[in-house]
Every structure is written in structure tokens, then in C-alpha cells.
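Please build the complete structure, drawing on both the sequences and the hints.
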Amino acid sequence: MADHQGPLVRLRDVDKYFGTAAALNGVNLEVQRGEVVVVIGPSGSGKSTLCRCINRLETITSGEIEIDGVPLPPEGRALARLRAEVGMVFQSFNLFGHKNVLDNLTMAPMQVAKVPRAEAEQRARELLERVGLAHKADAMPAELSGGQQQRVAIARALAMRPKLMLFDEPTSALDPEMINEVLAVMIELAAEGMTMVVVTHEMGFARKAANRVVFMDGGQIVETGSPAEFFDHPTTDRARDFLSKVLTH
Amino acid sequence: MITVLQDNLGALWQGVLTTLAITALAFLSSVLLGTLVAVFRVSPIPPLRLVGAVYVEIFRNIPLLALLILVAYGLPEVGISLSLFTTAVLSLALVSAAFACETVRAGINGVPVGQAEAARALGLTFTQSLARVILPQALRTMVQPLVNIFIGVALGSSLAAAVSVGELTYQAQQVGNRTAEAMLLFGISALVYVVIALLGGGLGSVLERRLAVRR
Ligand SMILES: Nc1ncnc2c1ncn2[C@@H]1O[C@H](COP(=O)(O)OP(=O)(O)O)[C@@H](O)[C@H]1O
Ligand SMILES: [Mg+2]
Chain P
1 MADHQGPLVR LRDVDKYFGT AAALNGVNLE VQRGEVVVVI GPSGSGKSTL
51 CRCINRLETI TSGEIEIDGV PLPPEGRALA RLRAEVGMVF QSFNLFGHKN
101 VLDNLTMAPM QVAKVPRAEA EQRARELLER VGLAHKADAM PAELSGGQQQ
151 RVAIARALAM RPKLMLFDEP TSALDPEMIN EVLAVMIELA AEGMTMVVVT
201 HEMGFARKAA NRVVFMDGGQ IVETGSPAEF FDHPTTDRAR DFLSKVLTH
Chain E
1 MITVLQDNLG ALWQGVLTTL AITALAFLSS VLLGTLVAVF RVSPIPPLRL
51 VGAVYVEIFR NIPLLALLIL VAYGLPEVGI SLSLFTTAVL SLALVSAAFA
101 CETVRAGING VPVGQAEAAR ALGLTFTQSL ARVILPQALR TMVQPLVNIF
151 IGVALGSSLA AAVSVGELTY QAQQVGNRTA EAMLLFGISA LVYVVIALLG
201 GGLGSVLERR LAVRR
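Read top to bottom, the protein sequences are chains P and E.
Quick note: the first sequence uses the numbering used here, first residue 1, plus one each step.
Quick note: the second sequence uses the numbering used here, first residue 1, plus one each step.
It should be emphasised that the hints constitute simulated quantities derived from the structure, not laboratory data.
The C-beta atom is built at its ideal place from N, Cα and C for all residues, glycine as well.
Please note that the accuracy of each hint is not assured.
[Unchecked claim] Covered stretches of chain E, going by a simulated chain P footprint (3 or more residues, C-beta under 8 Å): (1) 116-122; (2) 128-136.
[Stated by the list, open to error] Have a look at the derived ranges for each label pair, beta carbon to beta carbon: (3) P:143 / E:131: 22 to 30 Å; (4) E:61 / P:188: 58 to 66 Å; (5) E:48 / P:20: 24 to 32 Å; (6) E:53 / P:218: 34 to 42 Å; (7) P:119 / E:21: 45 to 53 Å; (8) P:143 / E:183: 51 to 59 Å; (9) E:61 / P:143: 39 to 47 Å; (10) E:131 / P:192: 28 to 36 Å; (11) P:28 / E:53: 38 to 46 Å.
[Claimed, not checked] Here are a few chain P residues that face chain E, going by a calculated C-beta distance under 10 Å: (12) 52; (13) 81; (14) 89; (15) 96; (16) 98; (17) 113.
Dropping the structure here:
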């Protein structure tokens, strides 16, 4: 699969309806290997749905989604295998509440990738080190701050050695003083060449880490460009309007 | 009075043991079966969900006594003959599983849906995420409702006397008829049921504390 030369993610004419309401409406998007794409747009514009369709947490109504040249398989083992290669980080962390931090990180490698415990734990400790939480390996999720939980969640996703990471507003549920510790981990990840799709309102992150900004409104991709182009010279009224609202405060 | 008890201690003790055996087996089976039906009810496959829903609506709404009679006297007519003991266990388990199912389902629904999504996003299959993530956390909230079901099974097992299963109530009835000490014997058997129910409740509290450690 890794031999495939095209983009890592390709969406073609993707529509997603909830009942009769379109959450995605004719979305076309390609994400190249190593590229960091930041998705921004007003609430309800379909950003989360886009993320969730890419690893098929939501099924699309029509169109095509390919990862590494392979169309998303239907629910089942093949899809589980594919999801194992696509890390996802949620706004609400979603750590497993009954497991300590280390077990949160080793569960999927052991259960899904059948990695032996010793190896999984070693890798987990390395990742915790990397996100600055080596000392929290034995803590329960409820004992951690939001920022710490989110860093554990990122490490948990990385434990599967994904080739793509999806972030759905990873800092939106955090107190302001914790946002930067999470963004720092993401910026480092981007610098290491991870392919990332990041839904965020953090313009600073977008300017620093994004190769491309995708602006969504009403289930459509309205505008896309480099961070500099997009933030300094947005070409559509809708993007200008959105930016004027978020940048004034 | 004392001699009545002394003379019939063997039969009564046999009744207590049978009641305990029926209760334990029927309760465990109902939890297993109820969990399976609950998994059906939350599964991504619509026909399984329907099977689960139909099961619950049938067995939650049948009087236990009616089911006991159907199993004891109805099944032999279609060629299935079960021992009296099996009849009691099976009937109790079938009915209680419907309640256990709803308990398990409520427990599953009590676990934040985001955790199930995180599990799926990591590549865990539906079964793996249930077994590793959802059910272990659901169990914590299920203990007290399961204690209620246990007590229901223990008390419900007394209805098996109606189809001549030799459990506690049946033995008390027999001895009471023979010795004209019915009040004494039913008083004693009532006490035994209370003790069984209290033990179940105590065990539940211990289990609940165990599961609640380290939050
Ligand atoms: N599970 C769902 N059921 C029904 N409608 C939904 C669901 N999820 C999202 N939507 C609708 O789809 C649209 C896009 O939502 P979403 O992708 O969450 O937007 P965003 O993440 O940009 O705020 C919204 O109108 C939302 O109400
Ligand atoms: Mg969203």
C-alpha cells in the first residue's frame, strides 16, 4: 500500500447528508504525504464531518474517499485495519476512563497490531516522554488536566504508528493556559513530517505549521491556499467575513 | 415444633441447596444471556437489533409462573423433556435475561460515546471495543441493578414449587402439609430467602467498591 505514489488522502465529490440536510456538499480534497492541512470555518460548516468521514466514523452519502490509493472499505476487519493507520484526536480527549495512561497507550497496539506487551510498553513510554508525560504513566485519566489528557490522546494515536493524523478541534475544550502545551506537541509532529488534517481555530498554529489552509462554509470547501495567502489575502467574501469575525478578538 | 424441624432437616436442607443452585445458575445464565442480547441491541446490524428487542419484549412481559408451566408441561408435548431442575433454571434465566439485558444496555449507554469512537478510530473491532472499553466501564454502574435481578431470581425461584421442583418452598410446603406446621415452615423459608437476598446485596456492595477503586 505504501508504494502508492499519489496523494495520501483523496476525496472526490463527497456528499454527506444527515437526513435531508447536507453536512458535506461536493467536497474535493487531496492531502499529500507529509502535508499539514488546516481546516477552518464557522461552526456547523462540516469540519468535524469531514474529519470523521476520512476514517469512516461517518459513512458518506456519495462520492469517493481513498487513503493511500485504497477506497475506504465497508465496516469490518479491513476497515479496522485501515483505521489503525489513521490516528484521530478528538475535542473531548476520549481517554479510556478505566485504564491508566500506559494502558491507554498499549491497548490498541496489543489488541489490534498484536505487539507483545513489553514492546508496546516500551514504545508507550517513549511516546509519553515525547509529549512530556513520562511521569504520568501510572495516572488515571481523571487525575490529569485537560491539556495532559489531550497529550496522552495524541500519544495514544501515535502508538499505532499512523501514516495520517486527524485532529478535530483538539484545543477547543481546553483552558487557555493549556492550549500551547498541546499545540507544541502538534507543531513538533508536523515538523517531523507527519501528514496531518487539523480542524482548529488556532490561527497561530495554522500560520506556523500548516502547508495549506482549507476554508469551509455550508458543507463546501470555499477557498484553499497557503496560510500567508489565506490570512493576508483571502479571495472570497465568505472567508473575509469569517476572518474579520475571528481575528478581531 | 423442634422435633418437626429435626425430623425434616434433611428435606429442608435439600430444598435450601436446590434453591441456591437454581438461583446461582439462573442468575449467571441470565447475566450472560442478557449481555449477549444487549450486545445484539447495540450492534451495528439492524436484524440483530430487532432480535434483541423482540427477545426483551417477549420475556420481560411473560409471567414467570406461566413460563414455568409452559416449559414443564408444554415442551414435552413437542418432544423436549427437561428435568424439573433444568426447567426451573431455564425459565428463570430466560425471564431474568430480559431484565439483565436492559441493565447492561443502560450501562453501555452510560459510557461516553466518545470512548467507543476513540476505540473504533484506533482500529479496535466492535467486539474488542465492547469487551475492552465499554463493558468494563458499564459494569460499575450495573452492580446495583444486577443485585436487584439476583434478588428477583432468588425470590422468583420459589414459583418453581408450582411445577414440583424440590426447592425450598416446595419442601416447606410438603413438610408443612405433613406436619400441620405450615406457618412455622413458611416462616423459616421466608427467613432463608431474606438471608440469600442480603448475601447477594452484600456481595454486590463489595464488588461495587472493588470496581470503584482508582477513578
Ligand atoms: N450526527 C449528526 N446528526 C445530524 N446532523 C449532524 C450530525 N453531525 C453533524 N450534523 C450536522 O451537520 C452539519 C455539519 O456539522 P459539523 O461537521 O459538526 O460542523 P463543524 O464541525 O464545522 O462545526 C451541521 O449542520 C450539523 O448540525
Ligand atoms: Mg466540529
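So, going through the hints one by one against the coordinates:
Only when three residues or more bring their CB closer than 8 Å to a CB of chain P does the claim for the region 116-122 of chain E stand; here the count is 6, and the claim holds. Counting residues of the region 128-136 of chain E whose beta carbon lies closer than 8 Å to any beta carbon of chain P gives 4, which reaches the threshold of three, so the coverage claim holds. Between residue 143 of chain P and residue 131 of chain E, the C-beta spacing of about 25 Å keeps the proposed range 22 to 30 Å intact. Judged by the Cβ atoms, the range 58 to 66 Å given for residue 61 of chain E and residue 188 of chain P holds: they are separated by roughly 59 Å.
Here the CB-CB span from residue 48 of chain E to residue 20 of chain P is close to 28 Å, well matched to the stated 24 to 32 Å. Take residue 53 of chain E and residue 218 of chain P: their Cβ atoms lie about 38 Å apart, and the range 34 to 42 Å holds. The hinted window of 45 to 53 Å between residue 119 of chain P and residue 21 of chain E holds, with their beta carbons roughly 46 Å apart. A C-beta distance of roughly 58 Å is found between residue 143 of chain P and residue 183 of chain E, which places it inside the suggested range of 51 to 59 Å.
Evaluation of the 39 to 47 Å hint for residue 61 of chain E and residue 143 of chain P yields a pass: the beta carbon distance comes to about 45 Å. A beta carbon spacing of about 34 Å between residue 131 of chain E and residue 192 of chain P agrees with the range 28 to 36 Å that was offered as a hint. In this structure the supplied range 38 to 46 Å holds for residue 28 of chain P paired with residue 53 of chain E, their Cβ-Cβ distance being about 41 Å. The criterion of a C-beta within 10 Å of any C-beta in chain E is met by residue 52 of chain P, whose closest approach is roughly 8 Å, and the hint holds.
Hint status for residue 81 of chain P relative to chain E: holds, with the closest Cβ pair at about 7 Å, below 10 Å. With its C-beta approaching chain E no nearer than about 9 Å, residue 89 of chain P sits inside the 10 Å limit, and its interface hint holds. Evaluation of the residue 96 of chain P hint against chain E yields a held restraint, the C-beta minimum of about 5 Å falling below 10 Å. Against a cut-off of 10 Å between C-beta atoms, the interface hint on residue 98 of chain P holds, since the closest Cβ of chain E lies about 5 Å away.
Look at residue 113 of chain P: its Cβ gets to within about 8 Å of chain E, closer than 10 Å, so that hint holds up.
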